[in-house]
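So the chains spell out like this:
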Amino acid sequence: MKLFNVLGQQQPSQPQFPPLPVTAPGMPSAPIAFQRGEAVGFFTDTTLCIGCKACEVACNEWNQLPAWNGGANTLSGLSYDNTRRLDGTHWRHVKFVEQFTPDRRQQNWLLMSDVCKHCVQAGCLEVCPTGAIIRTEFDTVVIQSDVCNGCRECIAACPFDVIEINPSTGSAQKCTLCYDRLQVGLTPACAQACPTASIQFGPIRELRQRADARVAQLQGQGTQAYIYGDEKMLGGLNAFFLLTDKAEVYGLPADPKLPSRNVVPSWLLSAGSAAVVGLIGLLTFRKRRMEGLVTPRAAGEEVEP
Amino acid sequence: VIRENPVHWDWLIYLEMFVAGVAAGAYATATLLEVFGRGRSPVARTAHLIAFPLMVVAAILLTVDLNRPERFWHMLVQSKTLLPMFKPWSPISVGSWLVLLFPAVAFVSFVDALIARRVFALGGWRWDRTLHGTPLGLIWSIIGGVLALAVAAYSGVLLSVTNIGGWSNSSLIGALYVATAAVTGIAAVLLIEALRGRTDPADVAGLLRAATGLILWQMLLLVVFLATLGRDGLAVFLTGSPLVAIIGAVLLGGILPLVLRFTRAGVRPSTTALFAALILVGGFLLRYAVVMGPQQGHLIPGAG
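Protein chains in written order, with the numbering used here: chain A, 1 to 305; chain B, 1001 to 1304.
Simulated from the structure, these hints should not be mistaken for lab results.
Check the hints yourself; a few may be wrong.
What the hints assert, rightly or not - With a Cα cut of at most 27 Å, we get these calculated DSSO-like pairs of lysine-lysine:
1) A/K232 - A/K257
2) A/K232 - A/K246
3) A/K257 - B/K1080
4) A/K257 - A/K246
5) B/K1087 - A/K232
Said to hold, decoys possible - One-sided and incomplete, this derived list gives chain A residues near chain B with beta-carbon spacing under 8 Å:
6) R135
7) C158
8) D180
9) L218
10) G220
11) G222
12) W267
13) V276
Said to hold, decoys possible - Stretches of chain B that chain A covers, calculated by requiring three or more beta carbons in the stretch to come under 8 Å of a beta carbon on chain A:
14) 1097-1103
15) 1158-1169
16) 1279-1291
The structure presented is a predicted model; accordingly, all values stated were derived computationally and were not measured.
Glycine included, every Cβ here is placed at the ideal spot set by N, Cα and C.
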């Protein structure tokens, strides 16, 4: 597949993929090796995030995402978090969950570097009418910017509110899990930049084992930790999270669903409604036909009114 | 959990859904008249004359609404392989093909209606040898009618097949859209016939009876739709301008036409025209409410 950057410019051709061992600085464990055809993803341990937003900067820089506000600072006015949300120009976003008492004497901060979940059962991929959204050989979900025509159906279909139009390209965009970097054996930019290994990249199988061990460790210390995005959730999220509070507290749906759950019932009910329309036509126009048979029309009347 | 990234399906979309619905409903009316009524008729030809132009308008609105309109063909052809692009499980993909196929069928009926009205002739295709009125024309009409009802349904199905609260809380939007399309399609035909003032009163009476039945069906579906949304889903429709639009749709598109129907409609062309115009306004308001309601709240289903 040809690669294009966010501006629709074709990337230079990539060298043959080598099965390179990849070392991510800051990783607490041994270097991670991954191969083409192997499912890879992110395990984000929110207990390690310090809210530095280095991942956001690395993502924006590598993917040449525009500063849509023209370079001026845009303050949210409601939070210390001023990049605010995932959208077409923010493919990584460090959420600040700021919990203050009314007098602001006591506070608790939850930090979470959010990203596209690269769902195994992806709602955006299901509905995309142009084929712009594809599943790659790494089991990640990528929007091809040069194919997308901006119908915005994927925005409505994503249960995690991840996708938005990038104003620079007019196409829907989100995290590609650095597909171009993966193809040459590199770690995604955000995981590479993360200074605390809160964002860990690697083969899903290995990440799940690491996550389970971390959950056990934290629970042993009395922390209510759990994994958000296991195999029961949309077939498994290839970008999954270790959380210490309810999903809703982090702005995540507790029970995300596929949009396709409504396809069959919607078409069946529509067909039923069409049958009723036909029945009404039968009952009302049939009567007219009977009247027409009783009172024949003048010759030529139906040819030219 | 509140959705923060807007879908931006605004006036172009609800206007398109209304216009496409009227076109589809008009064509379906013609089909019903041909199948169950007294065959080809001036009223059916009027329906054929409005269906195709309105579908062209709808297709233009849809294309303009794309962020990259020049890539509209990517919905039909894979841009990199030039193979057909079709996902039967994606309502928007199905709809793209319907918006191509239905106008193609409606175009033939449109030309046939022009020829029947002696606007022009194409060789042996003359006013006294039209397609509609023959067995082949009947088959053509049935194919067009089925496509028309599918066009009417798909945009409603599309809304249900999302993850936006209010739309995805119900699988009834497609069914509601079919009813609205049918009644507004008949209303459009009635309005034109009433303004022309040359229609057989018995034809008008048949259309009035059908419109009355369809108003009742539409209102029943609207009530069931709202009643089955659940608290969160209902809330997005019962605030702000969508609430006003729903009230307007019930009053203008339901109650007032029924009052007229059982008092004065059919007596004079002006009351018939008013009856039809009210239905059209009500249908438009209903489309507005359904499209814009959930975009106010942007709830994410499954948020617990």
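* To do: State whether the coverage of the stretch 1279-1291 of chain B by chain A holds or is violated, taking the criterion as 3 or more residues with Cβ-Cβ distances under 8 Å.
  => That given contact is violated, which follows from only 0 residues of the stretch 1279-1291 of chain B lying within Cβ reach (below 8 Å) of chain A.
When the least beta-carbon distance from A/G222 to chain B is tested against 8 Å, hint result:
violated (25 Å)
query = Does A/K246 lie within 27 Å of A/K257 when you go C-alpha to C-alpha?
reply = With Cα atoms ~17 Å apart, A/K257 and A/K246 stay inside 27 Å; holds.
> Does the stretch 1097-1103 of chain B contain three or more residues whose Cβ lies closer than 8 Å to a Cβ of chain A?
Replying inline: n = 0 at 8 Å, threshold three: violated.
- Query: Can A/D180 be said to touch chain B, with a Cβ gap under 8 Å?
  - Reply: violated (17 Å)
Check your understanding: Are there three or more residues in the stretch 1158-1169 of chain B whose C-beta lies within less than 8 Å of some C-beta in chain A?
Key -> holds (count 8)
Hint validation: A/W267 versus chain B, beta carbon distance must be below 8 Å. Holds or violated? holds (6 Å)
Legend entry - Pair hint B/K1087 and A/K232, alpha-carbon separation not exceeding 27 Å: holds (26 Å)
**Hint status (Cβ of A/V276 to nearest Cβ of chain B, threshold 8 Å)** = Holds. Min distance 6 Å.
Can we keep the A/G220 interface hint, with Cβ of chain B closer than 8 Å?
violated (27 Å)
Exercise for the section: Report holds or violated for the interface hint on A/C158, using the least CB-CB distance to chain B and a cut-off of 8 Å. Expected result: holds (6 Å)
Check your understanding: Can A/L218 be said to touch chain B, with a Cβ gap under 8 Å?
Key -> Violated - the Cβ of A/L218 stays beyond 8 Å from chain B, reaching only about 22 Å at its closest.
The earlier numbered hints that this structure contradicts are 3, 6, 8, 9, 10, 11, 14 and 16.
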